Amino acid sequence: MDLFKTKTSVSKKTILIIDDEEDFCYFVKLNLEQTGGFEVLTANNGADGISIAKRYQPDLVLLDIIMPNMTGTQVAESLRADKDTKDIPIIFVTAIVKRGEVGAKDYQFGGNYFIFKPVKLDELIKEIGAKLK
Amino acid sequence: MKSQNLLRQKFENNGLILIAIAMVVIYWIFDYLSSGHFLTRSMIVVLVIIYGIFTQILINSRKAALEEKEKAQQRLIHSEKLAAIGSVAAGVAHEVKNPLAIIVQGIAFLKNSVSSDARLLDVAGRIEKSALRADNIIKGLLSFSREVPLKMEEMDITPVIDEALSFMDDQIRGKNINVKKLYASELPKIIVDSNQIKQVFTNLFMNSIEAMQDGGILGIRTEQNKDKTGQVYVKITVSDTGEGIPEERIRKIFDPFFTTKIAARNTGLGLSITKGIIDKHRGTIEIESEPGRGTRVMVGLPAGLV
Numbered sequence: 001m002d003l004f005k006t007k008t009s010v011s012k013k014t015i016l017i018i019d020d021e022e023d024f025c026y027f028v029k030l031n032l033e034q035t036g037g038f039e040v041l042t043a044n045n046g047a048d049g050i051s052i053a054k055r056y057q058p059d060l061v062l063l064d065i066i067m068p069n070m071t072g073t074q075v076a077e078s079l080r081a082d083k084d085t086k087d088i089p090i091i092f093v094t095a096i097v098k099r100g101e102v103g104a105k106d107y108q109f110g111g112n113y114f115i116f117k118p119v120k121l122d123e124l125i126k127e128i129g130a131k132l133k
Numbered sequence: 134m135k136s137q138n139l140l141r142q143k144f145e146n147n148g149l150i151l152i153a154i155a156m157v158v159i160y161w162i163f164d165y166l167s168s169g170h171f172l173t174r175s176m177i178v179v180l181v182i183i184y185g186i187f188t189q190i191l192i193n194s195r196k197a198a199l200e201e202k203e204k205a206q207q208r209l210i211h212s213e214k215l216a217a218i219g220s221v222a223a224g225v226a227h228e229v230k231n232p233l234a235i236i237v238q239g240i241a242f243l244k245n246s247v248s249s250d251a252r253l254l255d256v257a258g259r260i261e262k263s264a265l266r267a268d269n270i271i272k273g274l275l276s277f278s279r280e281v282p283l284k285m286e287e288m289d290i291t292p293v294i295d296e297a298l299s300f301m302d303d304q305i306r307g308k309n310i311n312v313k314k315l316y317a318s319e320l321p322k323i324i325v326d327s328n329q330i331k332q333v334f335t336n337l338f339m340n341s342i343e344a345m346q347d348g349g350i351l352g353i354r355t356e357q358n359k360d361k362t363g364q365v366y367v368k369i370t371v372s373d374t375g376e377g378i379p380e381e382r383i384r385k386i387f388d389p390f391f392t393t394k395i396a397a398r399n400t401g402l403g404l405s406i407t408k409g410i411i412d413k414h415r416g417t418i419e420i421e422s423e424p425g426r427g428t429r430v431m432v433g434l435p436a437g438l439v
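Note that the protein sequences, when read in sequence, are chains Z and H. If you count by my numbering, then the first sequence holds residues 1 to 133, one letter each, in order. If you count by my numbering, then the second sequence holds residues 134 to 439, one letter each, in order.
There may be inaccurate statements among the hints.
[Claimed, not checked] Just some of the chain Z residues that point at chain H, by a computed CB distance under 10 angstroms:
1) 19
2) 23
3) 24
4) 28
5) 30
6) 31
7) 34
8) 64
9) 66
10) 93
11) 117
12) 118
13) 119
14) 121
15) 122
16) 124
If you are wondering where the hints come from, they were derived from the structure by calculation, not from laboratory data. Predicted model, so just to flag it, every value in this text is computed and none were measured. Note that the Cβ used here is the ideal one computed from N, Cα and C, for glycine as well.
Looking at chain H on its own, in the form it has when it is part of the complex (with noise of 0.2 angstroms):
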């Protein structure tokens, strides 16, 4: 479909290219009768400009097509890096998690045998709470390996998001976080993996109420747009109000192990995975941040595609 579409464009481009030549030869057939001369000065600075013109058209379009190719490269990049996590994650997932469910099976035994001292109580709920993170950090790492096939439906995008909203109900109560939709009233229906998707919600919900310690606001917007191929997709903006994240550590938000957050709490994988995924239905994400005053992330999606 994207390869159609720049077919269209390049066509379009041609098009326009020949409108342009068939105009400055009807343009210089009346200038030649009126004027009797094959070349006057008025003609030559309609080339000059006609050569302007269609030079500023070729610088753009190549300078297009490298952006692409970059983007092109850097999806790569990141598809081949996540691969190369899953396998190794795959293979030692089974050795890791027997010494975690011993380490949990050992602890859950001191608990029971020390239940009068508060102290060391602590210690083993400590212990404990340590393994199963570790255990977390597997399971993360193991979504990597997992080549789950994706169960594509025709639907509306906005109930995947409610839904991944309605899970942070919690959260969003206790952080006293403002909720701002700003829902377009007509939206093409795209073809996603809906569980997948509200993973993807989810995660950027979660990361926004996260940046947000002392309230704020969670902006939601979606609207139908087009890419620069005239394919139309559907943009979802998710917004804060929050800390927001400095320039440099935006480059590498999408790495995995990379995170902005308190290290002991996050894997740094909730973005790698949800631009895994975004990927997956060749869809985009940006991100935009000021510090101080919040970050916006953009999804795109495109309609009509599997």
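This is chain Z alone, in the form it adopts within the complex (with noise of 0.2 angstroms):
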């Protein structure tokens, strides 16, 4: 978990990843600061993810759906609930296999943006850059 971090740039985007699997939060982070164009925060947990997106305001949050406690769906719903929050764009990063499958209640947030592990990295690079248009 990056609490401490700040946004030290304007022109990079700050990406949240909320996702139970530490490892891949690592490496995500890892690839996508090696571009140089973003600087990225992580949490492993939806309670953690939401305080940080609050306090940082990330441009963007990548955000799992099977988590322990706290749903992805859950921590979405709370993101858009709050007036902080709300207009934080969300890309769900599942391993959930398909589209089909990810239940109904999840079209509702992120847009429909969705990427379905395992995911390369230029495919991940380019939904973002989507995204954030």
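If you follow the hints, you should be able to join the two separate chains into one complex; please do so.
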């Protein structure tokens, strides 16, 4: 969890990854930061993710769906309900295999943006770029 | 519909027996009137012949019933196998896909970090390829667990076959394969889920193309036929002049994970999924093959069934 990180560059986009898979967060952070275009914050549970989102106002949230304690859907609901975070774009990044297998409720959040694990880095960057436009 | 056909066949058989009995009775009356004897030698001969014919009919119908029962049991075993795999696959898919996602992202980082070292890049590329292959296996397994409702529509089979064939254009050209179509001029419409049937023919064409390493002929034939119960169906035969499959392997060809191809490139699920789809459409699929000469796959899809 990068609670003490601040936005250091105006040109870089800040991405928050909320995923209970620590190593996934670690590698996505390394990869995105290596491009030079992103600064990445990570959280390994929903509650931490919400507090980081409120504090740092990231440009985009990459959100896992199946997580213990608080699911991605609940996190998205909470972010949408808060005036400080309601406009942050969300991309669901999930190991659920197909779009059709994601519950109907999840479509209400994140503007229907889904990325399915395992995702290749170039595809991930492309989706993030499309959502940030 | 199938049970109606069986009933009709039973009725027709009984009708034939009644006609035969009536003819014997008429023959006996004439025989009795002309000879004055209750039982003549020619009458005994007729009765023996009739007895022989009836016995043969009985044996044949029992044999057919046993074959049908055996096929039904095989279909049940196959579907139970698929269901069991499906439930296990659904359970582990999420757990397996997460570590795969980590591997793919980790490899991406290594590739960017060692971009000047061709050998390390090659190693990283191979690991990434394997991780994505594992992902494909999981996806294939999950298709067993998905109870996707069929979207049945009445249609001609020909455009569905042609569309599936168009997916193979590159491979067909690249391998110098000739496609020979022999389509029936008129076929009854069938009620199918076109996407699933497209998947069936894509799998069959892919198998045929892979079996013809040095080119050959891919044959597609459509015709109208009737089964033993009188049910009209459309028969589609996909044939190739490839390497063929030995007989002992044909028996296992629809089993999940069974493959005759190079294991590294195949999951052994294609034909199993294909059979699952055909079963859902109450169709039939059979394979004949001769090593060194080629393979023929016959698909039967009943007309007018939902």
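Here is what the structure says about each hint:
Contact between residue 19(Z) and chain H, as hinted, is supported at the beta carbon level, the nearest pair being about 9 angstroms apart and thus within 10 angstroms. Annotation: interface hint on residue 23(Z) holds; nearest CB of chain H at approximately 4 angstroms, less than 10 angstroms. This hint holds: residue 24(Z) has a C-beta 5 angstroms from the nearest C-beta of chain H, less than the 10 angstroms allowed. Hint status for residue 28(Z): holds, given a least beta-carbon distance of 6 angstroms to chain H, under 10 angstroms.
Restraint check, residue 30(Z) versus chain H: the minimum CB separation of about 5 angstroms is within 10 angstroms; hint holds. Proximity of residue 31(Z) to chain H holds as hinted, the smallest CB-CB distance being about 5 angstroms (cut-off 10 angstroms). Interface hint at residue 34(Z): satisfied, since its Cβ lies 6 angstroms from the closest Cβ of chain H, which is below the 10 angstroms cut-off. With a cut of 10 angstroms, the hint placing residue 64(Z) at the interface with chain H holds, because the nearest CB-to-CB distance is about 9 angstroms.
Contact between residue 66(Z) and chain H, as hinted, is supported at the beta carbon level, the nearest pair being about 6 angstroms apart and thus within 10 angstroms. A least Cβ separation of about 8 angstroms between residue 93(Z) and chain H falls short of the 10 angstroms threshold, and the interface hint therefore holds. With a least beta-carbon distance of about 4 angstroms to chain H, the hint placing residue 117(Z) at the interface is held under the 10 angstroms criterion. Among the interface hints, the one on residue 118(Z) holds; its C-beta lies about 4 angstroms from the nearest C-beta in chain H, closer than the 10 angstroms criterion.
For residue 119(Z), the interface hint holds, since its Cβ comes within 10 angstroms of a Cβ in chain H; the closest pair sits about 7 angstroms apart. At a threshold of 10 angstroms, the smallest CB-CB gap from residue 121(Z) to chain H is about 4 angstroms, leaving the interface hint in force. Interface restraint check for residue 122(Z): the shortest CB-CB distance to chain H comes to about 8 angstroms, inside 10 angstroms, so the restraint holds. Interface hint at residue 124(Z): satisfied, since its Cβ lies 8 angstroms from the closest Cβ of chain H, which is below the 10 angstroms cut-off.
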